[in-house]
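2 protein chains.
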Amino acid sequence: METIRIPRIMREISKDLRAKGKSIGFVPTMGALHEGHISLIKRAKQENDITVVSIFVNPTQFAPGEDYEKYPRDVESDKEKLQTIEIDYLFLPDVESLYPKGYSTYVTVEGLSDKLCGKFRPGHFRGVATVVCKLFNIVRPTRAYFGQKDYQQSLIIRRMVEDLNFDIDIVVCHTIRHEDGLAMSSRNLYLNEQERKSATVIYKALQQGEKLLKEGAEPLDVKLKMMEVIKKESLVKEIQYVGVFDPETLDEAKEKQKKYLLAVALKIGDTRLIDNLLVEV
Amino acid sequence: METIRIPRIMREISKDLRAKGKSIGFVPTMGALHEGHISLIKRAKQENDITVVSIFVNPTQFAPGEDYEKYPRDVESDKEKLQTIEIDYLFLPDVESLYPKGYSTYVTVEGLSDKLCGKFRPGHFRGVATVVCKLFNIVRPTRAYFGQKDYQQSLIIRRMVEDLNFDIDIVVCHTIRHEDGLAMSSRNLYLNEQERKSATVIYKALQQGEKLLKEGAEPLDVKLKMMEVIKKESLVKEIQYVGVFDPETLDEAKEKQKKYLLAVALKIGDTRLIDNLLVEV
Numbered sequence: 008m009e010t011i012r013i014p015r016i017m018r019e020i021s022k023d024l025r026a027k028g029k030s031i032g033f034v035p036t037m038g039a040l041h042e043g044h045i046s047l048i049k050r051a052k053q054e055n056d057i058t059v060v061s062i063f064v065n066p067t068q069f070a071p072g073e074d075y076e077k078y079p080r081d082v083e084s085d086k087e088k089l090q091t092i093e094i095d096y097l098f099l100p101d102v103e104s105l106y107p108k109g110y111s112t113y114v115t116v117e118g119l120s121d122k123l124c125g126k127f128r129p130g131h132f133r134g135v136a137t138v139v140c141k142l143f144n145i146v147r148p149t150r151a152y153f154g155q156k157d158y159q160q161s162l163i164i165r166r167m168v169e170d171l172n173f174d175i176d177i178v179v180c181h182t183i184r185h186e187d188g189l190a191m192s193s194r195n196l197y198l199n200e201q202e203r204k205s206a207t208v209i210y211k212a213l214q215q216g217e218k219l220l221k222e223g224a225e226p227l228d229v230k231l232k233m234m235e236v237i238k239k240e241s242l243v244k245e246i247q248y249v250g251v252f253d254p255e256t257l258d259e260a261k262e263k264q265k266k267y268l269l270a271v272a273l274k275i276g277d278t279r280l281i282d283n284l285l286v287e288v
Numbered sequence: 008m009e010t011i012r013i014p015r016i017m018r019e020i021s022k023d024l025r026a027k028g029k030s031i032g033f034v035p036t037m038g039a040l041h042e043g044h045i046s047l048i049k050r051a052k053q054e055n056d057i058t059v060v061s062i063f064v065n066p067t068q069f070a071p072g073e074d075y076e077k078y079p080r081d082v083e084s085d086k087e088k089l090q091t092i093e094i095d096y097l098f099l100p101d102v103e104s105l106y107p108k109g110y111s112t113y114v115t116v117e118g119l120s121d122k123l124c125g126k127f128r129p130g131h132f133r134g135v136a137t138v139v140c141k142l143f144n145i146v147r148p149t150r151a152y153f154g155q156k157d158y159q160q161s162l163i164i165r166r167m168v169e170d171l172n173f174d175i176d177i178v179v180c181h182t183i184r185h186e187d188g189l190a191m192s193s194r195n196l197y198l199n200e201q202e203r204k205s206a207t208v209i210y211k212a213l214q215q216g217e218k219l220l221k222e223g224a225e226p227l228d229v230k231l232k233m234m235e236v237i238k239k240e241s242l243v244k245e246i247q248y249v250g251v252f253d254p255e256t257l258d259e260a261k262e263k264q265k266k267y268l269l270a271v272a273l274k275i276g277d278t279r280l281i282d283n284l285l286v287e288v
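The listed protein sequences correspond, in order, to chains G and E.
Positions in the first sequence are counted from 1; adding 7 to them yields this note's numbering.
Positions in the second sequence are counted from 1; adding 7 to them yields this note's numbering.
What the hints contain is simulated information worked out from the structure, not anything from laboratory work.
It is possible that some hints are incorrect.
Said to hold, decoys possible - Dumping the calculated DSSO-like pairs for lysine-lysine here, alpha-carbon to alpha-carbon at most 30 Å:
hint, chain 1, residue 1, chain 2, residue 2
1, E, Lys-22, G, Lys-27
2, G, Lys-27, E, Lys-52
3, G, Lys-261, G, Lys-232
4, G, Lys-49, E, Lys-22
My request is simple: use the sequences and hints to build the entire structure.
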């Protein structure tokens, strides 16, 4: 595994590889790698000649007052994991090399970026679209891999790739969960023991919602039931959204349809957690 | 010369060419080709294995109430010109193929886009940055050619290319003028005979400004003198900006510096005309 820190050098390496006809699988991450990331990386390895993983805690996707400063960083442990899986390149830029003095270009995906998480994290998806656009131009992947846990992010990136005519396949992989159902997330590291237990309420609510939808319940009734499940958990401090949505538009599903997105965002203590399920009935 | 209308096909062609090690020179245009465009295309031909010209009147860069509908379109005459110069590919997409239903991604270069022309053409440079980003991903040029007449545009595109890590050389070519000094522009076609004569006042003012700066005049005095020259021309209906600016920031130059941008934007009748000179003292 080679570690590359300079964007220009990474771009030259990728260019050479693509010129030689190699396919590049790319997994962009913010580090604090967990089994969710590992599963994306393994998939990228299977499907491509070369695998590139980036670790970059992207300041532009944190809203003011969010956890940019305290976001978990453990590059040495991440590197060990990546060496074990045997990836080809770790792209590890610093903030100044991706956002030098005078930086002023931003990519916005309108509409989708203002819904669900976008309502609670102003500027978040603009930061995501911008850094992913930059990383795509640097790494020049054939395929890029994202987790379904960040469903809205994957939808926005697909939209950006189509709209800006990128020649990249976006592969969205299913969410990896702990045994008790909690979705893998770097932010789970923030939870104390009690909070960690109570966080399982999210998947419980999603499963309850799935069951009801499959039984033919109305989306609005399902939402109320999910809310009820979550409200029983006393450590939940703030419910940002819970409900049944259209998987394409992210609008609330008010009538029956064939596919639904069940999605939850809430805070346990100070820790914001999200999760979702796609349901076909 | 092959004419390609489908973005996906153009992208495949470019990808194949680049994989074969060919360099691609790209000249994006809105058609109504004049000698200014022709000089860019000739330069692209000299410096690259393959030359691609696009003709696309981009709706997203026209502000509401501007001349999108009446912008001069003469594809047959343009094609003849391009065939004479012997370019390799004409990329001629329609609006629906570049902005299909549901399109929602925009690229913004903050700061620079709000100055000079940006003040008078809200959204213009967002439209420019967006379509150029798309065209760059479709055509995958080695080098892209722009005219200095649209100085602010070239500055914004350079910024976007650097910020979004595109691997493309932006080549800015000097302005081509009629014998009487008027900068070549597709919009000159809007001018009647009298207006066409009075339009020469723009270059006269720029030349006057250059002379004074080289003689050591203060930027603010130069601006006043240029204004005076222009105000003598009775067909000038609206002066949008006239003055001496910093070529990097586009802010008004208030003190002496080594390089200046002299720039003018005004309306003669309903026709908006711009021009500029870079001056080193």
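### Query
Does G/Lys-27 pair with E/Lys-52 here, judged by a C-alpha cut-off of 30 Å?
Holds. G/Lys-27 to E/Lys-52 sits at ~26 Å (cutoff 30 Å).
### Message
Holds or violated: E/Lys-22 and G/Lys-27, Cα atoms, limit 30 Å.
### Response
holds, 13 Å
#### Entry: Hinted pair G/Lys-49 and E/Lys-22, Cα distance within 30 Å
Between G/Lys-49 and E/Lys-22 the Cα gap is close to 27 Å, so the pair holds against 30 Å.
### Task
Assess, step by step, whether the Cα of G/Lys-261 is no farther than 30 Å from the Cα of G/Lys-232, and give holds or violated.
holds, 15 Å
This entry satisfies every hint, going by the numbered hints stated previously.
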